[in-house]
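Chemist: The listed protein sequences derive, respectively, from chains A, B and C.
When we follow the working numbering, the leftmost residue of the first sequence carries the number -12, and every step to the right adds one.
When we follow the working numbering, the leftmost residue of the second sequence carries the number -8, and every step to the right adds one.
When we follow the working numbering, the leftmost residue of the third sequence carries the number 121, and every step to the right adds one.
Hints were generated in silico from the structure; no laboratory data involved.
Built from N, CA and C at the ideal position, the CB exists for glycine as well.
Don't take each hint at face value.
[As the list claims (entries may be wrong)] Footprint (simulated), chain C over chain B, 3 or more residues, beta carbon under 8 Å: (1) 88 to 101; (2) 110 to 116; (3) 128 to 135; (4) 151 to 158; (5) 165 to 174; (6) 273 to 280.
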Amino acid sequence: MEVQEVIKNLKSQIIEQLNLEEVKPENIDANAPLFGDGLGLDSIDALELIVLLEKNYGVKIKDPKEAKAIFASVQTMADYVVANSK
Amino acid sequence: MSVFLGANNIISPLGYTSAENFSALLKENIALQKHSFIFSETAVCCSIVAEAELDKRFSEIDKSKEFTHLEKLCILSINDVVKQSGLDLADKNNLLILSTTKGNIDILENKYPHISQQRAYLPEFSKTIGNFFKCKNTPIIVSNACISGLLAMIIAKRFIENNTYKNIIVCGGDIVSEFTLSGFRSFNALSEEPCKPFDKNRVGINLGEAAASILLSKDPISNIIISSGASANDANHISGPSRTGDGLYQAITETFKNAGKNKVDFISAHGTATEYNDEMEAVAFSRSELNTIPLNSLKGYYGHTLGAAGVLESIISIRSLTENKLIKSAGFETVGTSQEMNIIKEHEQKVLQSCLKTASGFGGCNAAAIFEKI
Amino acid sequence: MEAVMLLLFLKRYKLETSITSYCKIKNNTVVVNDKQYFKGTESDELSAFLGALYKQMDLSYPKFFKMDKLCKLGTLATELVIRNNIDLDNVPKNEIALVFSNNSSSLESDRNHANSISDKENYFPSPSVFVYTLPNIVIGEIAIKHKITGENAFFVSGKFDADLMHNYSSILLQNSAISTVICGWVNVDGNSSEAFVYCIKNLNFKQENNVFQKQHNLQQLYSL
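Work out the full structure, taking the sequences as your base and the hints as a guide.
Modeler: This is the structure in structure tokens:
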């Protein structure tokens, strides 16, 4: 899997899964923070992202404490997916 | 007008009466055990009322197989209160209030091929129970997340004070189901071991099932009253507890104001043992200047019994008042909140006059009530 | 004696409180304070209708898109009740109670969650679905949107119970720190949905252009 391809897919999957109706994939900066000021995501969204990775990429986050670093940006998520998917 | 708290019952793995439950707590028995489920690779720590014993007890009052697990729990529990008090629910002055979050949710899991799917609707659940007791007034259902039980008692008090009804039985009940377990698991909120409310090593909740019922009356049927109660909303997040404890603080403040008091002898907290809930409560108690008062959470014995929790924990607190015994907070060793707390570490015999019961839940809701000896 | 009884009845059910604004949403039609506010395309399903209503209301509230249908319906109906009320802006938020009811609890989201766990090979319970499997979440959403922090209660009953709703709101208005109750019936079940949300205050609240003074028999208003 190519990181760039994963980034592209993740952007639309995040919009769909998190119901970000008013956000377009091209408006998401892969390096911008997902939480906090970025897309205004909250704790339920974080849990939903864990499900998204498992459902779409078969990637499990075993220790929820890792989630914060993995979900820093779309780039960090894609890096994690590429490194951990079989 | 005073509203008195009378006959009551708890059905849980620790017993089929309030007395059995209270004496089990005195022996430090806990209802939480590891159970295996088809849907889970690992055992799940929760508290479940064994079906065989429940059926045996239920067959003593009704032989038909027309009832769900939750209906059997609730009917048996209400029946005990009716028996103890002699209350006639067919009388127009008397009301039944049911408190539940999920009702017969296991119907969606097709657990009962012989029972209509309609019973997944709460009004059908309540009709079934209402018919059993030939209730004159359609039972009222309160479904307000984890504060349901305590809120139902506060609502009952208000109806009695307003002379809408003279006597009200409040019954809280919820079951452990794959539905709720899978949901809380998706929240990463379940603890694999018995939970540890307010402890620094707490990692999450356990779910439990129970039914608990209590009679509230305008007549002096006991020497314990519900002095006041209030609810409030955090207006902050639908699932995340408020960092400032605003809603709980507001509910507590209002409750003390209405009771004309500024202290109680102990607190029965919500204490689910998730990191953020317990911290939120600690902040709210500290803001209310109540954090030196002895406090327990009963979740370490029963797990979180959802719609039953408020009623069950109120009944245990009332027993504590009657028997002058503080119940230790199971699972607790070291304070794990940012605020100082006085968690009850051992059972203690002590003259007790009054207590504060609190609850908080999803949707940002919070409730508080004061029970008092007169 | 009969006159006294009648007076008591009127006192209890009609005279003490007044409805200061209301909103009804049914059959893709929105009525606010006796006037039709919006009519959606008849064939639209609930989600599409609620999306169109959201646009019509010119709301900018991204959280709306995360809600389940019950919460969307309740949030929009309440928004219209609040927008079309005369003096809610001046009421402290801790004096406003939210009292809601319905028949189907959160069954719509319950079914979604149950479906997500019915196939063991494709077992992905979703936290953002599960969080809506409680009926009072609609109260939470409304509280968050408007920063309302007063009393809460969610009742479930077979049909809209005007007596219960009126009685409990009156108790709150009389006895506690509550001056205003926003209450109503918000139900979503399969293809059927309905919202009737209103704001109720003590009668001493009088205002020339309060059009509902004379018409606050709840059951009547609900059945219009």
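Chemist: Which numbered hints does this structure break?
Modeler: 6
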